[in-house]
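Chains A and B, in that order, give the protein sequences.
Each residue of the first sequence is one higher than the last, beginning at 1 in this note's numbering.
Each residue of the second sequence is one higher than the last, beginning at 536 in this note's numbering.
Honestly, the hints are just simulated from the structure, not real lab data.
Heads up, some of the hints might be wrong.
Capping the alpha-carbon separation at 27 Å, the derived lysine-lysine pairs in BS3-like fashion look like this [as the list claims (entries may be wrong)]:
| # | chain 1 | residue 1 | chain 2 | residue 2 |
| --- | --- | --- | --- | --- |
| 1 | A | LYS82 | B | LYS843 |
| 2 | B | LYS937 | A | LYS82 |
| 3 | B | LYS958 | B | LYS717 |
| 4 | A | LYS220 | B | LYS937 |
| 5 | B | LYS833 | B | LYS786 |
| 6 | A | LYS109 | A | LYS73 |
| 7 | B | LYS958 | A | LYS44 |
| 8 | B | LYS633 | B | LYS647 |
| 9 | B | LYS937 | B | LYS958 |
| 10 | B | LYS647 | A | LYS111 |
| 11 | B | LYS606 | B | LYS647 |
| 12 | B | LYS761 | B | LYS786 |
| 13 | B | LYS647 | A | LYS220 |
| 14 | B | LYS786 | A | LYS169 |
| 15 | B | LYS647 | B | LYS958 |
| 16 | A | LYS109 | B | LYS599 |
| 17 | A | LYS109 | B | LYS843 |
| 18 | B | LYS633 | B | LYS598 |
| 19 | B | LYS753 | A | LYS507 |
| 20 | B | LYS605 | B | LYS647 |
| 21 | B | LYS786 | A | LYS82 |
| 22 | A | LYS109 | B | LYS833 |
| 23 | B | LYS840 | A | LYS104 |
| 24 | A | LYS73 | B | LYS833 |
| 25 | B | LYS753 | B | LYS720 |
| 26 | A | LYS507 | B | LYS754 |
| 27 | A | LYS104 | B | LYS937 |
| 28 | B | LYS567 | A | LYS111 |
| 29 | A | LYS507 | B | LYS717 |
| 30 | A | LYS111 | B | LYS786 |
| 31 | B | LYS761 | A | LYS111 |
| 32 | A | LYS104 | B | LYS833 |
| 33 | B | LYS760 | A | LYS220 |
| 34 | A | LYS220 | B | LYS761 |
| 35 | A | LYS44 | B | LYS761 |
| 36 | B | LYS598 | A | LYS44 |
| 37 | A | LYS507 | B | LYS720 |
Derived CB-CB ranges, DEER-like [as the list claims (entries may be wrong)]:
| # | chain 1 | residue 1 | chain 2 | residue 2 | range |
| --- | --- | --- | --- | --- | --- |
| 38 | A | PRO429 | B | PHE740 | 53 to 63 Å |
| 39 | B | THR839 | A | SER105 | 30 to 40 Å |
| 40 | B | ALA721 | A | SER74 | 44 to 54 Å |
All residues carry an ideal CB built from backbone N, CA and C; glycine is no exception.
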Amino acid sequence: MTFRIFSGAFVAFLLFACAAFAQGTDPKPLFNQLADANFNAAEKLVAEIAATGNPRVVPALNAFSEGDLYFRKSDKAVFAAKAAGSQLELIDPVTGESAGQVAKSAVTKIKVNNNLRRAIRAALGGLTLMSPDRGARLSAADAILRAPSAEALELVEAALVKETDGEVKARMEEARAVSLLSSDRSVDEKRAAIETIAGLGASGLGVLNSVSGTIDPGLKPDLDAAIASIQNEQQLWNLAQNVWYGMSLGSVLLLAAIGLAITFGVMGIINMAHGEMVMLGAYSTFMVQQVIRENAPGLFDWSLAIALPVAFLVTGAVGFVIERGVIRFLYGRPLETLLATWGVSLILQQAIRTIFGPTNQEVGNPSWMSGSFPLGGMTITYNRMWIIVFSLTIFFALLFVMKKTAYGLNMRAVTQNRRMASSMGIRTPWVDALTFALGSGIAGIAGVALSQIDNVSPNLGQSYIIDSFMVVVFGGVGNLWGTLVGALSLGILNKFLEPSVGAVLGKILVLVLIILFIQKRPRGLFALKGRAVEA
Amino acid sequence: MSFKAKLGGALLAAALSTTAFHGAFAADDTIKIGVLHSLSGTMAISETTLKDAMLMLVEEQNKKGGVLGKKLEAVVVDPASDWPLFAEKARQLISQDKVAAVFGCWTSSSRKSVLPVFEELNSILFYPVQYEGEESSRNIFYTGAAPNQQAIPAVDYLAETEGVERWVLAGTDYVYPQTTNKILKAYLMSKGVAEEDIMINYTPFGHSDWQTIVSDIKKFGSAGKKTAVVSTINGDANVPFYKELGNQGIKAEDIPVVAFSVGEEELAGLDTAPLVGHLAAWNYFQSVDAPVNAEFIKTWHAYTKNDKRVTNDPMEAAYIGFNAWVKAVEAAGTTETDAVLDSIIGVSVPNLSGGTSTVMPNHHITKPVLIGEIQADGQFEVVQETAAVVGDEWSDYLPDSKDLISDWRKPMECGNFNVATGKCGGKGS
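With the sequences and hints as input, model every part of the structure.
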C-alpha cells in the first residue's frame, strides 16, 4: 500500500520534472542521505531520486539494486563502486565519474532488501521507458507489468505514442492494460484492458485476481470470464506440462540407468558401484570446470563438452580396473558380486569424501543451460530440455554400437554363449573388460549431465542406484529399448501422480505398481526370448 | 644368548610398564569429551564440519590451559548416519571411554535415538542444531534454535515487511518439518490467515525433481496476493530446488523463499546469483559484523588451513554449548554430571553475534534471531535482528503442548510440567 502511495508521489514528481527539467533538483544530496537511511527511508529516497527525472541516476540506481552502493566512512558521501583488484573503485552516482580507489574497509555497503529492490525496479521502469536502448525500454515495460500501478499509466501512454518497435510496443500495451485496471479510467477502457490481459495467460492471472475484490460491479462478469478462460486454457497446458515433466524425469532415469542396462542388463553383473560411476563422472565435470575457471574462463560455456570425453575415459578406466581386479573372479556368483561391488562403492565414496571433502562442490551451469523460455502456457527450462536431447542421443549412439559394430556383435556373442564365442576366436576376457568399461563410461557421461541438476557430493550415486535397477528390471533385463520405454513411462507415471497425491505418496505408488507388475511379468516389459535367457 | 634374551625381555617389560604407567597417568590428567557426529553416510555433508569445529574448540581451550587445570581430549566416533548406531556409539562413549560430556547429533531422529541412553547412564549431551521443539530432557542441552527462535520470527518478518498474505509451507517428509509446519499453520491461522491461503507440501529425502512443485508454487502465487514460501526442505534436496526456482525465473522480489535449513554451507555448492534476495532465518550468519565473529572466522580458517571454509549457525550453537559447559565445569569444580547440571543453568557466555547467550532452566538458550538475504557471493546480509529470545521447548501454538513448561531447577525438576493441572507428567496429561 505504502508502495503505491509513494510511487504515485514520485510519478507525479516525475511528470512535473519532465515538463520542466531545467529546474530539476540535484539528486546528489538525496544519494548522500542514503548513508543514514533505514529501509523505509531509503524507499522514499529512491522515489525522490527518481522524481528528479535525471536520466543519469539510472546506473547508480542499478548499482543500488545490485548491492553495489557504498558510503565513505570518513564523510558519508555515497558512491557506486566496482571491484578493482583488492580495492574498490568509487564512482560518483550522478556524474558517473571515477572518484578514486579506496580500501574495502574505508567504505560501508548500503544494505538493500527485497522491498527496496522492488521500489528501485519500479523507479527504473518509469525512468527508462523512453530510453534510446531497446532492451532498457523492454525491461522498463516488464517492470511495470510486474508491479502495476495506476500512476505508471500516463508514463506508459506517453511512451507508447513514441514507440516504434513492434515487440516493445506490444509489451507496453500489456503494461498499459495492467496499470489501467487499478486506475479510475472508464469502464469501456477497463473492459478492453481485461481482454488484453486475458491474452497474457498465466502471468495475467495474478493481476486479474488482485482486482477482483475492488472492481466495478459492471465489469465483474467480464473479469470472471477472463479468469475462467485463462484457467481453462491452463488446464489443457497442465496436461502438456505433466507430459513434459514426465519426459524430463524419464530422461534423467534413462541417463542413470543406461550404463546399468549394459553392466547388469547385458552382462548380468549386479553392479552396486554403478551409482559411484555416475558420481565420478560428476566430479570429473567439477575438475574440468575448476581447470577452466583457473586457466581459460572464456571456455566455460564449452566446459560440459570438454567434460564428456574426460568423464568417459576416467570412469571407463575405473570400470576396467574394477572388472579386471574384482569382478572377473566372480562371474557366475551373483551374491558375491553384489557384495564385492557394494564394497567397491563404499570405498569409492569414502575416497572422494577424503579427497574433496564431504560438502557439495559447485558445478556451474553454462549460459545455454540456464533459464527458461515460455511455450504457450508452459515454461520450459533449458537444462531439462538439453538433458532430454542428450539422453536420447546417448541412447541411440549406444544402440548403434551394440547393433551395428563388430565390437557390439562380439559383446552380444560373448554374453549369449561364452564358450561358443570363445571357440570362434573371440577373446572373451577382453570383451568382458571392455563391456564393463563401456557401461561405466556411459554412467560417467550421465554424471556430467546430472551434475547440472543435482548435488555434486559423495552421495550423488546412492540416490540413483535404486532408480536405475528399477528401470532396468521394469524395462526388461538385457533389452535397451526396454530401458528407454521403462524410464519414460515411469517418469510420466510419476509426474501424473505427483500433482494429485504428492511427491511422497507418488513415489510409493510407483514402487507398488512395479512390484505388482513384476509379479505378473517377471521378465519386465520387453522380455528376451530364446535360449540365451536360460543360460 | 639366553641371558641376552632374558635381559632384553626384562628391559622390554620395564619399558612396557613405564609406558603403561605413563599412559595411565596421562589419562588421569585429561578430561575426555565425546564428539558424536556422522563422518560417513548421507549426513556426513553437514556433520563433518561440526566435528572439525569441536576439535578446533578443544584445541583452542587447551591452548588457554584446558579445564580445571587438565587438558581436554576429544574422543571422535562415527555413527555413520545410522540412527540406531548413534545410541550404540553414545553408550560406548559414556561407559567405555568415560567421557564427561558429549557434543553431537544433527537430525532429530538421531537425538531421539540417543536420548534414553543419556538418561539411563546420566551423562550430558549438547545438541547444536535447530529443531522442532516439543522435547525437554534432564540430560540434553538444546543450543540450536527452537521454532520460536527461528520459524515464527521469520514468518513475522515476511508478513510485516513484505506484506505476505499467502503461504506455501514446503518441507521434507520427516519430524522436524512436519512439527514446524504444524506450529506455523496454527500460528498463521491465529493471525487470521485463511486456510485456503496456506499450502503445505512434503517431498521425500533427497528429492531432486522439483519441476512440478515449483510450477505449483508459481500457480499458487498467481492468486493476486503476495505469496512466500517457507522452506523446511532439508539437506541435499535444497540445491536442485533452488536451481529449479532460478531456472523457472521465480525471483525473490516476486515469491521470496525463507529457509530454515539453508546456511552458508549449503549455498557453497550453488551459483547464488539467481537467488539474491531469498531469505534464511538463523541465529548467526558468517557475515555478522562483530569482533568476536571475526576472531572466530580467523581461527577457523587457520585451523582448517582453508580460507574458503565457511562458518554457519550450528557451529555457533556448538561454540555456545562448549563454552557454557566449560564455564559450568569450572564453576562446579568437577565434571560430575549432577554438579554440572546444577551449575550450568544461568551460565552466560558470549555468542558470535556480539551478545551473550544464557542457559535457561528449560535447557534451551537465549539468542537473537537474524533474518538474512542471500547475496551473490554466497553469504547472507542481515536485514533484521531481534533482541535475544528464550527458546520455547513446548510450543504455545499447539493445543496439546501450550500448557506445558519445563524447569530443571530444584525442586521442580520436570521437563513437562502442566500449568493447567499443576502436575508433572506426560504430554498433555
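Has the given pair, B/LYS605 with B/LYS647, been kept, meaning a C-alpha gap of at most 27 Å?
32 Å, violated
Is A/LYS109 within 27 Å of B/LYS843, Cα to Cα?
Between A/LYS109 and B/LYS843 the Cα gap is close to 22 Å, so the pair holds against 27 Å.
Straight-line Cα separation of A/LYS507 and B/LYS720 no greater than 27 Å?
26 Å, holds
If you draw a straight line from the CA of A/LYS109 to the CA of B/LYS599, is it 27 Å or shorter?
Outside the cut-off at roughly 36 Å; violated.
For the pair supplied as a hint, B/LYS647 and A/LYS220, confirm whether the alpha-carbon distance does not exceed 27 Å.
Since the Cα atoms of B/LYS647 and A/LYS220 sit roughly 56 Å apart, the hinted pair is violated (cutoff 27 Å).
Could you grab the alpha-carbon distance between B/LYS647 and B/LYS958 and see if it respects the 27 Å cut-off?
24 Å, holds
Would you check the hint for A/LYS109 and B/LYS833, treating anything up to 27 Å between C-alpha atoms as holding?
Distance ~22 Å between A/LYS109 and B/LYS833 Cα, so the pair holds.
Straight-line Cα separation of B/LYS606 and B/LYS647 no greater than 27 Å?
Not satisfied, since the Cα-Cα distance of roughly 31 Å exceeds 27 Å.
Does B/LYS598 pair with A/LYS44 here, judged by a C-alpha cut-off of 27 Å?
52 Å, violated
With the threshold set at 27 Å, check whether the alpha-carbon distance from B/LYS958 to B/LYS717 stays at or below it.
Given pair B/LYS958, B/LYS717 holds - Cα atoms ~26 Å apart, limit 27 Å.
Pairwise beta carbon distance, B/ALA721 to A/SER74, judged against the given window 44 to 54 Å:
About 51 Å separates the Cβ atoms of B/ALA721 and A/SER74, which means 44 to 54 Å holds.
Can you confirm whether the C-alpha distance between B/LYS937 and B/LYS958 stays at or below 27 Å?
Satisfied, since the Cα-Cα distance of roughly 14 Å is no more than 27 Å.
In summary, the numbered hints that this structure violates are 2, 4, 5, 7, 10, 11, 13, 16, 20, 27, 28, 36, 38, 39.
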